[in-house]
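Asks: Chain by chain, the residues:
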Amino acid sequence: MKKLINDPNNAVLEALQGMEKAHGDILKVNYDPDFIARKTLKNKGKVAIISGGGSGHEPMHGGYVGLGMLDAACPGAVFTSPTPDQMEAATKAVNGGAGVIHLVKNYTGDIMNFQMAADICADEGIEVKPIVIDDDVSVKDSLYTAGRRGVGATVLTEKIIGAAAERGDKLDDVVKLAQYCKDNGRSMGMALTSCILPSVGKPIFEIGDDEIEMGVGIHGEPGRERMKIKPANELVEIMLEPVLSDISLENGDEIILMLNGMGGTPLLELYILFNHAVDTAKKLGIKTVRCLVGNYITSLEMQGFSITIMKANSEILKLWDAPVHTAGLRWGI
Amino acid sequence: MVTLENLFKFISSLQAVYSEKKLYLSELDSAIGDGDHGVNMARGFDAVVANWKANPPSNCEDAFKSISASLIKTVGGASGPLYGTMFRKMSLAVGKKTEFGLDEWIDGISKGIDGIMLIGKAQKGDKTMIDAWIPALEALKTAQNDRKTFAEALRECAVAAKNGAEATIPLIAKKGRASYLGERSIGHQDPGATSSAMMAAVAADTLI
Chain A
21 MKKLINDPNN AVLEALQGME KAHGDILKVN YDPDFIARKT LKNKGKVAII
71 SGGGSGHEPM HGGYVGLGML DAACPGAVFT SPTPDQMEAA TKAVNGGAGV
121 IHLVKNYTGD IMNFQMAADI CADEGIEVKP IVIDDDVSVK DSLYTAGRRG
171 VGATVLTEKI IGAAAERGDK LDDVVKLAQY CKDNGRSMGM ALTSCILPSV
221 GKPIFEIGDD EIEMGVGIHG EPGRERMKIK PANELVEIML EPVLSDISLE
271 NGDEIILMLN GMGGTPLLEL YILFNHAVDT AKKLGIKTVR CLVGNYITSL
321 EMQGFSITIM KANSEILKLW DAPVHTAGLR WGI
Chain B
-10 MVTLENLFKF ISSLQAVYSE KKLYLSELDS AIGDGDHGVN MARGFDAVVA
40 NWKANPPSNC EDAFKSISAS LIKTVGGASG PLYGTMFRKM SLAVGKKTEF
90 GLDEWIDGIS KGIDGIMLIG KAQKGDKTMI DAWIPALEAL KTAQNDRKTF
140 AEALRECAVA AKNGAEATIP LIAKKGRASY LGERSIGHQD PGATSSAMMA
190 AVAADTLI
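Chains A and B supply the protein sequences, listed in that same order.
21 is the number of the first residue of the first sequence in my numbering; add one for each residue after it.
-10 is the number of the first residue of the second sequence in my numbering; add one for each residue after it.
Please keep in mind that the hints were generated in silico from the structure rather than gathered at the bench.
Cβ atoms here follow ideal geometry from the backbone N, Cα and C, with glycine treated the same way.
This list has only true hints and no planted wrong ones.
Chain A side only, calculated, beta carbon under 7 Å to chain B, not exhaustive: (1) T103; (2) M136; (3) V159; (4) T165; (5) E241.
In silico DSS-like cross-links for lysine-lysine, where the CA-CA straight-line distance does not exceed 30 Å: (6) K48(A) / K62(B); (7) K190(A) / K59(A); (8) K62(B) / K41(A); (9) K62(B) / K62(A); (10) K48(A) / K190(A); (11) K110(B) / K149(A); (12) K54(B) / K112(A); (13) K11(B) / K23(A); (14) K112(A) / K62(B); (15) K113(B) / K160(A); (16) K222(A) / K11(B); (17) K23(A) / K62(B); (18) K113(B) / K151(B); (19) K110(B) / K160(A); (20) K222(A) / K22(A); (21) K11(B) / K22(A); (22) K202(A) / K110(B); (23) K62(B) / K149(A); (24) K160(A) / K222(A); (25) K10(B) / K222(A); (26) K62(B) / K59(A); (27) K110(B) / K196(A); (28) K62(B) / K222(A); (29) K110(B) / K112(A); (30) K23(A) / K10(B); (31) K149(A) / K54(B); (32) K302(A) / K248(A); (33) K149(A) / K100(B); (34) K10(B) / K22(A).
Now the in silico label distances, taken between C-beta atoms and shown as ranges: (35) E155(B) / L288(A): 51 to 61 Å; (36) P251(A) / A39(B): 47 to 57 Å; (37) E155(B) / P150(A): 31 to 41 Å; (38) E155(B) / S219(A): 22 to 32 Å.
Kindly generate the complete structure, drawing on both the sequences and the hints.
Replies: This is the structure:
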């Protein structure tokens, strides 16, 4: 294994310290318990939004802390959910008295740890509303599994509800909007290569030189199928169909499309994929009206990509276009 | 009889067992999860013992609370909240006593299982730690009805938990990360049920 680290045990800590030095104008980092918060902690009367999850998916979530997006993010160890003391401390630090939303990706550990924190905060009189994002169509959503995984739609949801909270929407309205994002966002990913946990030092899964994992999760979880590599356009078609058909879209509907790199994919390739994704959607009568192309929710050094779509309307687009100033997204100011 | 003295033996012994079985538990977890269960449990009980030594509890409620808080803070993943909940519920069940016996132990385990099922939403047969805890509780209750001693009850509990963990091998996982594997989870013993069975075995050795 070759990695640009010093000590696997300090990887997350040193990255947090670097982030604080790089983006001190936007955020500050609290250590033990670890959380990243806006430089100006409390916004009185504003609904606060907190997310969190294992590290290794940067810029998510710490890179989305700032004006128009998150109030705080709780980073766990690499690919391991954060612990309740982190969310409890973050919730108390940013609570402006108008309620706090916990935006959680659907993984067993994340849900339990956020829930324990929410219970503790609720006991102390802070109103906490959890929203669980579960947009990955690779996993069958049934009573017999932990349900669909939360992936790329989390980024779009953070932007959209972050804008609503920033303009002063009340807790119930922000929750309703988050529910819209959850219901109308879908994703699917694929991998050319595995990724390597710093603490383990070997790939999470083995994969042949000419093979890909279709439907991979952001922690290297197995997908729908192991298949031979195909041209980029064919891969886009294989993935866009299940993503688009999982929500009700009609001819002329508009979408926000995120073409996301898994961490080790050249931007040149992401644009090749995006080019065909827009054309394929257009053939189906779906208009791509906003987009993100780049590394927004990654899986360490994994090569591969994911497609996330969210059905848009004028309200969603207004919130999407609203000013945002974070390490990972910045426009409108 | 559970006393503060033998509760400390219980956690010290668990620290040693999880440290020794770290790789074994992580290998079980690699097959159907993310391969860190052994490492997480060992780290968790290192913290449990360190915190107990730093702040020795003066009654059993505080003892179980201290164990719970250390596990929740250091284990992470799903195991931290699950084991943390088990010990938190036990703390509520036993109260400020400095020693207690089989009746309170059964009450504590029973409330702990309810707590685990509430946050984990798992049922018996879902290939989780519940598959070790439920037969363990049943064995304790049977021993109570048969008026067996605490030591005998704990031994029977340990056997039932071990059998319960082994009985997870042919099951399809329905909760947690292993559930994504569907039928591919068949043939592997659940790591959470296994670490739970180890706990029952340590209880039988130390809480007598």
